[in-house]
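Single-letter residue listing:
Protein chains: 2
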Amino acid sequence: MSSPEIDALSQALSRLPGLGPRSARRAVLHLLKRREIALKPLIAALQAVEENLATCDICGNVDTANPCGVCTDPRRDAKLLCVVEEVADLWAMDRARLFPGRFHVLGGRLSALEGVGPGDLSIAPLMARVNAGGIEEVVLAMNATMEGATTMHYLAERLADCGVSVTQLAHGVPVGGELDYLDEGTIAQALRARRPVA
Amino acid sequence: MSSPEIDALSQALSRLPGLGPRSARRAVLHLLKRREIALKPLIAALQAVEENLATCDICGNVDTANPCGVCTDPRRDAKLLCVVEEVADLWAMDRARLFPGRFHVLGGRLSALEGVGPGDLSIAPLMARVNAGGIEEVVLAMNATMEGATTMHYLAERLADCGVSVTQLAHGVPVGGELDYLDEGTIAQALRARRPVA
Ligand SMILES: [Zn+2]
Ligand SMILES: [Zn+2]
Chain G
1 MSSPEIDALS QALSRLPGLG PRSARRAVLH LLKRREIALK PLIAALQAVE ENLATCDICG
61 NVDTANPCGV CTDPRRDAKL LCVVEEVADL WAMDRARLFP GRFHVLGGRL SALEGVGPGD
121 LSIAPLMARV NAGGIEEVVL AMNATMEGAT TMHYLAERLA DCGVSVTQLA HGVPVGGELD
181 YLDEGTIAQA LRARRPVA
Chain L
1 MSSPEIDALS QALSRLPGLG PRSARRAVLH LLKRREIALK PLIAALQAVE ENLATCDICG
61 NVDTANPCGV CTDPRRDAKL LCVVEEVADL WAMDRARLFP GRFHVLGGRL SALEGVGPGD
121 LSIAPLMARV NAGGIEEVVL AMNATMEGAT TMHYLAERLA DCGVSVTQLA HGVPVGGELD
181 YLDEGTIAQA LRARRPVA
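Just so you know, the sequences run in chain order G and L. Counting in full-length UniProt numbering, the first sequence runs from 1 upward without gaps. Counting in full-length UniProt numbering, the second sequence runs from 1 upward without gaps.
Keep in mind that the hints are not guaranteed to be accurate.
Note: identical chains are not told apart, hence a pair may lie in one copy or across any two.
Cut-off 25 angstroms, straight-line C-alpha distance, at most; resulting in silico cross-link-like pairs (SDA-like, lysine to any residue) [claimed, not checked]:
(1) 40 - 147
(2) 79 - 101
(3) 79 - 94
(4) 79 - 162
(5) 33 - 20
(6) 33 - 136
(7) 33 - 11
(8) 79 - 52
(9) 79 - 158
(10) 40 - 52
(11) 40 - 24
(12) 79 - 161
(13) 40 - 57
(14) 40 - 5
(15) 33 - 123
(16) 79 - 125
(17) 40 - 20
(18) 79 - 145
(19) 79 - 122
(20) 79 - 188
(21) 40 - 167
(22) 33 - 95
(23) 79 - 123
(24) 79 - 95
These are computed hints drawn from the structure, not numbers from a lab. Quantities reported herein were computed from a predicted structural model and do not represent experimental measurements.
The shape of chain G in the complex, shown without the other chains (with noise of 0.2 angstroms):
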């Protein structure tokens, strides 16, 4: 492992979530005894990701098209909006599967801490969104935490006069707790017991 590539390669990986120096080792030496099967495929497929990376000009999600393949998808049910802190939220309501409708990702939370108003995210495009109509319920997904709270108080009162039903996640998402990290159940039951927020 002296070569300054295979170095260079090691750290890039080291980096990704989930892979500490050692496994980003054996991953490396994993790439280099399989060239052709993984080495060369893996290549391949971030680039094909690289080139065409765009971030959806509706809802904010990363995708290989804009619009994405959630806002395009016909078979959801434009009627339903769930809005989200991040697009690591959106996908891991996703992959729970059993929202049928689109999403808007604000791109944070509102935090007097770090400095961000309603202006540092993308509240005016969703507030046009909800009033370009045929949207009827609006469920504020944001994290358990308290700025995900006070973020979605801040969006339940802009919205409480557009004629929309606005909703939240039902207890069950754990105090503290980040969607991304939930397992698919506890999420899946949040949404179906999801409230009017008070």
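Using the hints provided, position chain L with the ligands relative to the given structure of chain G.
Coordinates of chain L with the ligands only, in the frame set by chain G:
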């Protein structure tokens, strides 16, 4: 995660050792959100390795140079040769940074069950290296498995009349243990207490 490109990348990553389907999805998202500082550098690192990948003609190591960086390192003692089963074992030995000599990769171990005989391993090249002179000690660093022990005794017999000292790793490697999974301390201890093959 509906686009075929993103699914393909997620699958390619999930085949790496240490990354399951969930951590692969997290890794994909990590890359998608960091196109310039993570995705492009990873592609470049993989390509640099892929373009220069080579198996060392001397020792069997996988590197981006041939002969490899270990074989051409002038600080290593050419009188000491460590024989290992796989490239992963060479790297594991080298991580401990306590073996000051060179290596020879057999490419496997003798196995009646799997039909692997001496002709299937890099044994003739090993004998040629030893017979070329200059080597004083050969450390047989096979895994502490039945097949590793069989391979070690076979090699010890072949090397008996070559005028070199033939040693093995000390007990310290757990029975059934594979070098690549051991911590550096265990490997270092086993190396320090190495003894002649009985
Ligand atoms: Zn979209
Ligand atoms: Zn070499």
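Status of the hints after comparison with the structure:
With identical chains, the CA atoms of residue 40 and residue 147 are never at most 25 angstroms apart, being 43 angstroms at best within one copy and 33 angstroms at best between copies. In this assembly of identical chains, residue 79 and residue 101 lie within 25 angstroms of each other by CA distance solely inside one copy; the values are 7 angstroms within and 70 angstroms between copies. Taking the shortest Cα distances, residue 79 and residue 94 sit within 25 angstroms of each other inside one copy (17 angstroms), while across copies they are farther apart (60 angstroms). Proximity of residue 79 and residue 162 under a CA criterion of 25 angstroms is satisfied intra-copy only: 14 angstroms inside one chain copy versus 82 angstroms between copies.
Taking identical chains as interchangeable, the C-alpha atoms of residue 33 and residue 20 lie at most 25 angstroms apart whether they share a chain (20 angstroms) or sit on different chains (20 angstroms). In this assembly of identical chains, the alpha carbons of residue 33 and residue 136 never lie at most 25 angstroms apart, being 54 angstroms within a copy and 31 angstroms across copies at closest. Both within a single protomer and between protomers do residue 33 and residue 11 lie at most 25 angstroms apart by alpha-carbon distance, with minima of 18 angstroms and 18 angstroms respectively. Proximity of residue 79 and residue 52 under a CA criterion of 25 angstroms is satisfied in neither setting, with 29 angstroms inside one chain copy and 54 angstroms between copies.
Taking identical chains as interchangeable, the C-alpha atoms of residue 79 and residue 158 lie at most 25 angstroms apart only when both belong to the same chain, with a minimum of 18 angstroms there against 77 angstroms between chains. When the C-alpha separation of residue 40 and residue 52 is checked against a cutoff of 25 angstroms, the pair qualifies both within a copy, at 19 angstroms, and between copies, at 13 angstroms. Both within a single protomer and between protomers do residue 40 and residue 24 lie at most 25 angstroms apart by alpha-carbon distance, with minima of 17 angstroms and 18 angstroms respectively. For a Cα distance limit of 25 angstroms, the shortest separation of residue 79 from residue 161 inside one copy, 17 angstroms, qualifies, whereas the shortest one across copies, 84 angstroms, does not.
Taking identical chains as interchangeable, the C-alpha atoms of residue 40 and residue 57 lie at most 25 angstroms apart only when they sit on different chains, with a minimum of 23 angstroms there against 32 angstroms within one chain. Taking CA atoms no more than 25 angstroms apart as the test, residue 40 paired with residue 5 passes in both settings, with 16 angstroms inside one copy and 15 angstroms between copies. In this assembly of identical chains, the alpha carbons of residue 33 and residue 123 lie at most 25 angstroms apart only when taken from different copies (20 angstroms versus 49 angstroms within one copy). In the homo-oligomer, the alpha carbons of residue 79 and residue 125 lie at most 25 angstroms apart inside one protomer (17 angstroms), although the nearest pairing across protomers, at 71 angstroms, exceeds that limit.
Within a single copy, residue 40 and residue 20 get their C-alpha atoms as close as 23 angstroms, and across copies as close as 20 angstroms, so both meet the 25 angstroms cut-off. For the homomeric pair residue 79 and residue 145, neither the shortest alpha-carbon distance inside one copy (27 angstroms) nor that between copies (62 angstroms) is at most 25 angstroms. For the identical chains of this complex, residue 79 and residue 122 are intra-copy neighbours only, at 19 angstroms inside a copy versus 67 angstroms across copies, given an alpha-carbon limit of 25 angstroms. When the C-alpha separation of residue 79 and residue 188 is checked against a cutoff of 25 angstroms, the pair qualifies only within one copy, where the shortest distance is 19 angstroms, while the shortest distance between copies is 64 angstroms.
For the identical chains of this complex, residue 40 and residue 167 are neighbours neither inside a copy (47 angstroms) nor across copies (40 angstroms), given an alpha-carbon limit of 25 angstroms. Only between protomers do residue 33 and residue 95 lie at most 25 angstroms apart by alpha-carbon distance; the minimum there is 19 angstroms, versus 33 angstroms within a single protomer. In this assembly of identical chains, residue 79 and residue 123 lie within 25 angstroms of each other by CA distance solely inside one copy; the values are 18 angstroms within and 70 angstroms between copies. Taking CA atoms no more than 25 angstroms apart as the test, residue 79 paired with residue 95 passes inside one copy only; the shortest distance there is 20 angstroms, against 58 angstroms between copies.
In the structure shown, a violation is registered for the earlier hints numbered 1, 6, 8, 18, 21, in ascending order.
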